[in-house]
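Here are the chains, one letter per residue:
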Amino acid sequence: MARLRSTLPYDPRTDRIADAGWLSAIGRSTIRWVLSADELLHTLSDAIASLWTPGVAARSTVKRVIVTQIMYTGVQALSLVSVIAFLLGSSIIIQTNLMGSADGELLGKVLVAVVLRELAPLVTAIVIAGRSGTAMATELGNMKVNSEVLALSSLGIDPPRFIVLPRLVASIVSVLVLMIYFSVVAIGGAFIVAQATAAATWGSLYSGVSRGVMPFDLGLFLLKGVGLGAIVGWLCCHYGLQVKSSPTEVPQQASRAVVMSLLCGVVYSTFVTALFYWLVGPPIR
Amino acid sequence: MEPSISVPGLPTQGLLLERAAFAYNELWVLRETDLHVPRGGGLLVTGHNGVGKSTFLFLCAGLLPATTGRVLLDGHGPHVSTPSDLVRAGVRRGVLFDSGGLLSNLSALNNVTLALRYHADVFGLEEQEIARRARAALSELRVAQTDFHALPAHLSLGVRKRVSLARALVLEPNFVFFDDPDAGLDAPTRKLVYDLLERFRDDPKITMVVASNSRPLIERMSVQIVELSHGHLLSKAGSHGPTSRGPSY
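Protein chains in written order, with the working numbering: chain A, 1 to 285; chain B, 286 to 534.
Since the hints were derived computationally from the structure, they do not count as laboratory data. Be careful, since some hints might not be right.
[Claimed, not checked] A few chain A residues that don't get close to chain B, going by computed Cβ distances all over 10 Å:
| no. | residue |
| --- | --- |
| 1 | Val56 |
| 2 | Leu80 |
| 3 | Leu87 |
| 4 | Gln95 |
| 5 | Ala113 |
| 6 | Asn142 |
| 7 | Met143 |
| 8 | Leu152 |
| 9 | Leu155 |
| 10 | Ile157 |
| 11 | Arg161 |
| 12 | Leu222 |
| 13 | Leu223 |
| 14 | Thr270 |
| 15 | Leu275 |
| 16 | Leu279 |
[Said to hold, decoys possible] The calculated label-pair distances, taken between Cβ atoms and stated as ranges, are:
| no. | chain 1 | residue 1 | chain 2 | residue 2 | range |
| --- | --- | --- | --- | --- | --- |
| 17 | A | Asp38 | B | His434 | 52 to 58 Å |
| 18 | B | Ser424 | A | Glu39 | 38 to 44 Å |
| 19 | A | Pro247 | B | His434 | 46 to 52 Å |
| 20 | B | Pro473 | A | Asp38 | 18 to 24 Å |
| 21 | B | Thr353 | A | Lys244 | 40 to 46 Å |
| 22 | B | Gly375 | A | Arg59 | 44 to 50 Å |
| 23 | B | Glu483 | A | Leu41 | 16 to 22 Å |
| 24 | B | Gly375 | A | Phe216 | 41 to 47 Å |
| 25 | A | Leu51 | B | Asp487 | 41 to 47 Å |
| 26 | B | Ala435 | A | Pro251 | 41 to 47 Å |
| 27 | B | Ala421 | A | Val83 | 17 to 23 Å |
| 28 | A | Leu223 | B | His515 | 53 to 59 Å |
| 29 | B | Ser441 | A | Arg59 | 49 to 55 Å |
| 30 | A | Pro247 | B | His515 | 40 to 46 Å |
In this text, a Cβ means the ideal position worked out from N, Cα and C, and glycines have one as well.
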C-alpha cells in the first residue's frame, strides 16, 4: 500500500537574513554573482561532459543536429561575411594609401597584422554573435517558455547534449571556417583595390603578405577561432536557457547574450594578442 | 555526471518522494513530503489555479530537482542534466504537458520519432520499426495522415495534445504524468484521452500521476485524489478507487 506524509517544515520567509545595510547588500550581490558564475560554468561543463555520455544512437542524432547548426550558423553567413570582408580589405588599402608613402610590401604586412590577426577573428565572431547568437538565444528561450526543454528531458534526451553541444560545436567550426574565408576575401579585395588604385603591384603586395605571415600565426589563428567560437556558442546558449517562463524574458536574454558575447569576445581577443606578442618577443619587421 | 542511483531499504518500485520539497525562490510549492505511489498505482492531484499542480507533477516526473529531499522512480534518482540515465536504467516516462510541449521545429511525426531514434540502441529499434511505431501511435490517437508532416504551430490544440500523447505512448512508458489532459479539448478528443488514461490506470506496469481539476475526469479515473494546498498534499475523503492499487496514507 502507498503512503503519504506532508509535514510542516520551516518557512523560509521567516528565515530571511535581516537587512543589515550595505554590508549585507554586498554579501547578497556576491552570492548572486557566485551562483550565476556557477550556472554559467555548468552550462559549459555539462555540454563537454555529455561527449562521454553513452549512447550510439544518441551520438548519431546529435551529429545530425550539429550539421544542421553548422548550416544555419556557418554556411548561411557566407554571403554576409563576403561583403564585410571585401569592403574591410578594400578600406584598409584606401586608408593606408591616403597616408601617402606606403609601399606594396608594407601594405602586405599591414594586411597580415590587421586582417589575419585581428579583424578576421573578431569580425567573424561579431557576425556570428549578431546573426546566429541572437537566433540561438531566442530559440532556446522560446523552447524554455514552451516547455520544450522539459519535454526533451521527459523523453530521456539530455538537454546539454542535444541542445548546447551541437550549437557550441557549430559555433566553433563556423567561426574557424569563416575566419579563413574572411581572410581570403579581405586580402583578395585588398589586392583588387590596390591594383585598381595603383597603390601597389600584386607582386609587392604578395611579397609583403608572405613575409608578414609568421609560424606563430597558425597558433594565434586557431586559439582565437576556437576561443571566440566557444564564447559565442556558450554564452548564447546559456543566456537563452536562463529564460524562465515568460516570453518577455526572451528578447532581454537574447540581447544580454549578444552583448556579453561581444564584450567577452573582445576581451579574449585582446588577451590572446597580448599573450602572443609577449611570447613572440620583439616587433615584427 | 551523476549516475542514477538505486537506494537499498526503500520501496524500489513506483514513485517515491522522500522528504521532498520544492520552492521557487521563497515560494514553497511543496513542503517536505513523503509519498509513495506503487507500480501500477494512480494518483490524481487537484488544487486551485496557480497552487503548483504542474510544478508538483514535474517534480514527481523528475523534470525539476527537489529543493530538499529526493524523488525516486523505480528506485532511480533522476538527474536533470542526464535524463538518458533513466532510460538506460529501464525507466520510461510519458509526460503530457498542458500546452503539448512539442518541439516547434519538428513535424508531428518527427516529434514522435525523436526519442525512439535517440534511444534506438537502448530499445533495439531499426529505422523501419521506428517509423512504423510512430505512425501507429499517431493513427491510434486519430491524428490525420495529412498532419503527420505539419509543424506544431500549424496544428490545433487538440491535435497537438494528441501528437503529444502519441509521443508519450510510443515509448511504452512505465510512468505517466499528465498535466490537465482534457483542458481545451472537444468531446471526441476528450473521450479519446479518457480511454487512454483508463488504459494506463488499469495497466499494472504503469504508475500514473495526473494533475487536473476536471470534474468528468475525476469521476472517471477512480484513483486516489489529493489536493495540493499551500504546499501541502491533503487527502480527499472517499476518493479511493475500486482497485487496491491506489495510494493511501
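Here is what the structure says about each hint:
Against the 10 Å criterion, Val56/A falls within the reach of chain B, whose nearest CB is about 5 Å from its own CB. For Leu80/A, the non-interface assignment is confirmed: its Cβ lies about 22 Å from the closest Cβ of chain B, beyond the 10 Å cut-off. Under the 10 Å C-beta cut-off, the non-interface status given to Leu87/A relative to chain B holds; the minimum distance is some 34 Å. Its beta-carbon lying about 44 Å from the closest one in chain B, Gln95/A satisfies the requirement of being farther than 10 Å from that chain.
Even its closest Cβ contact with chain B, about 42 Å, leaves Ala113/A beyond 10 Å, as expected for a residue assigned away from the interface. The Cβ of Asn142/A sits about 7 Å from the closest Cβ of chain B, inside the 10 Å cut-off, so the non-interface label is violated. With a least beta-carbon separation of about 8 Å from chain B, Met143/A fails to lie farther than 10 Å from that chain, contradicting its non-interface assignment. Residue placement check: Leu152/A does not keep its beta carbon more than 10 Å from all beta carbons of chain B (closest about 7 Å).
Residue placement check: Leu155/A does not keep its beta carbon more than 10 Å from all beta carbons of chain B (closest about 4 Å). Residue-level check failed: Ile157/A sits 5 Å from the nearest beta carbon of chain B, not beyond 10 Å. Not every CB of chain B lies more than 10 Å from the CB of Arg161/A, the least distance being 8 Å, so the non-interface label is violated. Listed as a non-interface residue, Leu222/A keeps its Cβ farther than 10 Å from every Cβ of chain B; the least gap is roughly 29 Å.
For Leu223/A, the shortest C-beta to C-beta distance to chain B comes to about 28 Å, beyond the 10 Å cut-off, and the non-interface label holds. The non-interface label for Thr270/A is consistent with chain B: the shortest C-beta to C-beta separation is roughly 33 Å, beyond 10 Å. With a closest Cβ-Cβ approach of about 32 Å to chain B, Leu275/A is found to remain outside the 10 Å limit, as its non-interface label requires. Every CB of chain B is more than 10 Å from the CB of Leu279/A (nearest about 36 Å), matching its label as outside the interface.
The hinted range of 52 to 58 Å is not satisfied by Asp38/A and His434/B, whose Cβ atoms lie roughly 42 Å apart. The hint said 38 to 44 Å for the Cβ distance between Ser424/B and Glu39/A, and at roughly 43 Å that hint holds. Between Pro247/A and His434/B the C-beta distance comes to about 27 Å, which lies outside the given range of 46 to 52 Å. Taking the beta carbon of each, Pro473/B and Asp38/A are about 49 Å apart, not inside 18 to 24 Å as hinted.
For the pair Thr353/B and Lys244/A, the supplied restraint of 40 to 46 Å is violated, since their beta-carbon distance comes to about 21 Å. Between Gly375/B and Arg59/A the Cβ separation comes to about 21 Å, which falls outside the hinted range of 44 to 50 Å. Taken as a hint, the range 16 to 22 Å is violated for the pair Glu483/B and Leu41/A, whose Cβ atoms sit roughly 47 Å apart. Take Gly375/B and Phe216/A: their Cβ atoms lie about 54 Å apart, and the range 41 to 47 Å is violated.
Leu51/A and Asp487/B have their C-beta atoms about 43 Å apart, which keeps the hinted 41 to 47 Å range intact. A hinted range of 41 to 47 Å for the beta carbons of Ala435/B and Pro251/A is inconsistent with their spacing of about 28 Å. As the Cβ distance of Ala421/B to Val83/A is approximately 50 Å, the hint placing it in 17 to 23 Å is violated. The given range of 53 to 59 Å is respected by Leu223/A and His515/B, whose C-beta atoms sit roughly 55 Å from each other.
Separation of Ser441/B from Arg59/A is about 36 Å and departs from the stated range, judged on CB atoms against 49 to 55 Å. The beta-carbon spacing between Pro247/A and His515/B, approximately 29 Å, falls outside the hinted interval of 40 to 46 Å.
Hint check: violations occur at hints 1, 6, 7, 8, 9, 10, 11, 17, 19, 20, 21, 22, 23, 24, 26, 27, 29 and 30; the rest are consistent with the structure.
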